[in-house]
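A.B. asks: Those protein sequence lines, which keep their order, are chains A and B.
Residues 1 to 256 in the working numbering are what the first sequence spells out, letter by letter.
Residues 257 to 538 in the working numbering are what the second sequence spells out, letter by letter.
Simulated from the structure, these hints should not be mistaken for laboratory data.
Among these hints, one or two may not hold up.
Stated by the list, open to error - A few chain A residues that face chain B, going by a derived Cβ cut-off under 10 Å, partial list only: (1) 120; (2) 121; (3) 126; (4) 128; (5) 129; (6) 130; (7) 131; (8) 133; (9) 134; (10) 136; (11) 140; (12) 246; (13) 247; (14) 250; (15) 251.
Said to hold, decoys possible - The calculated SDA-like cross-link candidates involving lysine to any residue, where the alpha carbons are at most 25 Å apart (straight line), are: (16) B:346 - A:140; (17) B:346 - A:134; (18) B:362 - A:137; (19) B:400 - A:47; (20) B:452 - B:295; (21) B:346 - A:32; (22) B:400 - A:125; (23) B:400 - A:10; (24) B:378 - A:138; (25) B:346 - A:125; (26) B:346 - A:124; (27) B:362 - A:136; (28) B:346 - A:60; (29) B:282 - B:329; (30) B:422 - B:401; (31) B:378 - A:137; (32) B:282 - B:295; (33) A:30 - B:365; (34) B:422 - B:344; (35) B:496 - B:507; (36) B:378 - A:35; (37) B:362 - B:403; (38) B:362 - A:30; (39) B:379 - B:360; (40) B:422 - A:136.
A quick note: this is a predicted structure, and the numbers were derived from the prediction, not measured.
Quick reminder that beta carbons are idealized off the backbone N, C-alpha and C, glycines included.
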Amino acid sequence: MKMLQQVGSVTESFLIQLGLYATTLGQLSKRILSSPRYPRLILAQAEEVGVQSLPVVLLTALFTGMVLALQGYIVFHRFAAESMIGVVVSLSMVRELGPVLVGLMVAGRVGASFAAELGTMRVSEQIDALWTLSTDPMRYLIMPRVIAAIVMMPLLVVISDFIGIYGGYAISVFMLDQNPTVYVEMSTQYMELKDFYSGLVKAGFFGLLIGIIGCSEGFNCKGGAEGVGRATTRAVVISCMSILISDYFLTAWMFG
Amino acid sequence: MSHDQQETDQIPRISIQNVSKRFGAKVILEDVSLDIMPGTSTTVIGMSGTGKSVLIKCVLGLLRPDSGAIYVDGENWLELSEDEHLDRMKRVGMLFQGAALFDSLKVWENVAFALLERGMNKKEARARATEVLEWVGLPNIEEKMPAELSGGMAKRVGLARTICHKPDIVFLDEPTTGLDPIMSDVINRLIVNLHKDSGTTIMAITHDMKSAAMISDNIAMLCHGRMHRQVTPDQLNSDKDPVLRQFIEGRADGPVNCSNWGKEMEEAVMLLRSQIEEEVNR
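The shape of chain B in the complex, shown without the other chains (with noise of 0.2 Å):
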């Protein structure tokens, strides 16, 4: 390895610092840091509205932060304007949640749409949607359209979609919600496998502990806005940090008061996500 190739893995692919974010009166992240090496998958985990999709969302510039900054290889995308941001999208993949297809196009198209966007002749992009559609185990679906798929099927085309330009960092939005345990193995495995063949680079956010188990080389959690741990899988069993534990062990009973969850919560996390959709249009 040379000394300049030494020098660039020193540098964090990203570098979240002291980012702060709030919604009127509500706080949502607080002074939040996190540095995540080229090359290595860091998963963030957390209890719904605690800023784990706000963090993202203001990584990838659909929202700003109201102080703090976000490096990628040590430039700071919050003083980017924004057709230098979406220049910058272009080494970046995100699968969402839903996996957000585009309806109109076909699987192929959708697979394709950053080679196509990018002046790559049909053909050749055609050929590279198929190569990655197979990697997924989803050949022959390229003339589908999205109302044709599964569930899975469509998180694994949004998986396509996201590596098909060969981008070098990757964000993933609750990869594994909303499927089942088998389709959530298959989903994670092509994580791992992509992660290990490509050195990619990956950012995921979810609330599934074994996805986040076998996915990671680096575990961070939020609680209320705060990055509150940072740990290792092998660490993650051993840990004895009571928050972490309650967050594993998944009880409502902890120090993390959930007595006032349910129709409270619940209102809260719906005025958060108005808000949050009121600011990402603006």
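Only chain A is shown next, with the shape it has when bound in the complex (with noise of 0.2 Å):
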């Protein structure tokens, strides 16, 4: 009895936060289309999304591709075929790694700050006072956020794409050996360009979860510091996981 209790409490609470975003989306889609945009402050949530990112990012990219091109060596090695490391990265790289460890680690950092920052205007009544101004809050402090994540996060996977593969190459090149233009030429010829662009739908979508579950998660928040510090761990878990789970479907959608 007390199992069934604990089933239906989980199942409620996970219902009530999937109608928490669904709304935020819901309001948002429907503020989109009309004026004020605030493009000052998209650019501004940009900056923060992208720029502040580019280091975690480029370092994660960049050991990602290290590890899988001395992977790569050790297996293909055993049967003579290490020239197919260039196609391992690139292939990885750009289909999968690139964009749910973007995510992972865009969520970790920005999907927190999104929610520890709307959480702090809350608790401390910025919120209200914001509409006391006249100002719409959501429109001014969500909308930002959710644009400036979905138009980053393929930016970011670009990026991460390129390095994450040149990090491969140094490893293939530099420390294995290998013929670089074996290397370039691999990576390049077994990549169609459905690979690189269904990277970026990835990312974009990872991007608008990252943006509605952190804000979400802040706008809504309640009970002082003890719940901005809740918000923000649930902010970071939930996105996390949406990100994995989704990678599956969007995978299975793309490439089924």
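The two chains are supplied separately, each in an independent frame; assemble them into the complex guided by the hints.
C.D. replies: This is how it looks when you write it as structure tokens:
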């Protein structure tokens, strides 16, 4: 009986959260068609989401590419197929690892910051103050953040793809003495345009998830400083899980 | 005074009519009615948890009452759409208890926020912000960030932001709470000056009886979610109502039963606060 209650309670809170995100998305969709759209705030958030995330994204991509090359070499060496390292690194980065790893990094950095900022504004009545100053809080606070996340995620993924492939190149060529021309040729030969843009579509979708989840959690935060902490943790955990789960369905949809 | 002007003055600026609000089983406001005439200042007093903040949030559209009506100059604000309500906020100013300054903006940007949002150019908006900051006794702090301000300064900057766009209705949520007596007096004097100079209609909520007596034309007391009594500041000391006397004199013993206060009351207020937050978010 107690177990049933727990299952019911978890299901209920899951559905409530889902409803919360769907409501935020619905309200944003209604607002995005009309002005004001606050381009200055969108640019500021783009800088926060994109430029400020670059170091962590670059490092992650570089070392992921390097590890892929090293692992690939160990396996392919058994079959004397070391030339395939470039294929594995580039396809893995462009189709999966680029968007997913950048998504996870940005969810940790930016999703948490969205939730903490808006949560603090909520508990200190700054969001109510916006309303009393005749400013729509959703338009002013959430819309710029979500737009910035959707736009900047694909750009970050493009950069991380190149850096990841370069990381693999550096290990293959400088450490494993592979032929640089073969690496470059093999990297591009087996790649289709669809591989590249599927990664970008995923990135944009992950950006939407990070923006909506981070902002909804912060915007609807309650319970003072403790509540802000809870909202931030939830924003990161739910964003990361949503990225991994939706990645499967997006892959199945685009390549299935 | 023209006939039209006289007629307008007869309509209350704010008319709260039979407003009720409950959170779950807990009744917060029950059949509350209050009229505030144009150019007058009304203060709502009452103990913690009696629904003062809920009442002000209902008027501002941050909470929706379960029943009743809220008229502003004869227009029922509860029937407005979200966009219309936002538009009506242009004539409103609100001073929050904790000032609620925007952390990421400089002091002058906070003060001129409403003007900048309405498209005023930066130079003019800044000049107006400087003028209002001087009025609240804070010159040369335009470039500071809110984190650099003391509690009293933040409250005065909050007041400057409240009046910068020249609203004709001002709401004040505990304007002197958390301030030392001297700073409380400074804030009270500023509110009195604002009321005298511009004829702004003011609705305030406070526990501070000195402040209530100083800034109000009328004082309304809420008790257990009901409008208990309305008096003028002159009647405050002579009024014999036992509940009002208990509140003014700050006694735990009296007609309002305080025996179960302490932990139980704290829990009730905490629960209520969380329910209010939830509904405001929604």
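A.B. asks: Each hint needs a verdict: does it hold in this structure or not?
C.D. replies: Each hint tested on the structure:
| no. | hint | result |
| --- | --- | --- |
| 1 | 120 | 8 Å, holds |
| 2 | 121 | 8 Å, holds |
| 3 | 126 | 5 Å, holds |
| 4 | 128 | 6 Å, holds |
| 5 | 129 | 4 Å, holds |
| 6 | 130 | 8 Å, holds |
| 7 | 131 | 6 Å, holds |
| 8 | 133 | 5 Å, holds |
| 9 | 134 | 4 Å, holds |
| 10 | 136 | 6 Å, holds |
| 11 | 140 | 9 Å, holds |
| 12 | 246 | 26 Å, violated |
| 13 | 247 | 30 Å, violated |
| 14 | 250 | 31 Å, violated |
| 15 | 251 | 35 Å, violated |
| 16 | B:346 - A:140 | 16 Å, holds |
| 17 | B:346 - A:134 | 6 Å, holds |
| 18 | B:362 - A:137 | 19 Å, holds |
| 19 | B:400 - A:47 | 23 Å, holds |
| 20 | B:452 - B:295 | 9 Å, holds |
| 21 | B:346 - A:32 | 22 Å, holds |
| 22 | B:400 - A:125 | 21 Å, holds |
| 23 | B:400 - A:10 | 46 Å, violated |
| 24 | B:378 - A:138 | 24 Å, holds |
| 25 | B:346 - A:125 | 18 Å, holds |
| 26 | B:346 - A:124 | 22 Å, holds |
| 27 | B:362 - A:136 | 20 Å, holds |
| 28 | B:346 - A:60 | 48 Å, violated |
| 29 | B:282 - B:329 | 31 Å, violated |
| 30 | B:422 - B:401 | 23 Å, holds |
| 31 | B:378 - A:137 | 21 Å, holds |
| 32 | B:282 - B:295 | 35 Å, violated |
| 33 | A:30 - B:365 | 28 Å, violated |
| 34 | B:422 - B:344 | 13 Å, holds |
| 35 | B:496 - B:507 | 15 Å, holds |
| 36 | B:378 - A:35 | 20 Å, holds |
| 37 | B:362 - B:403 | 10 Å, holds |
| 38 | B:362 - A:30 | 31 Å, violated |
| 39 | B:379 - B:360 | 20 Å, holds |
| 40 | B:422 - A:136 | 20 Å, holds |
Hint compliance for this structure: hints 12, 13, 14, 15, 23, 28, 29, 32, 33 and 38 are broken, all remaining hints hold.
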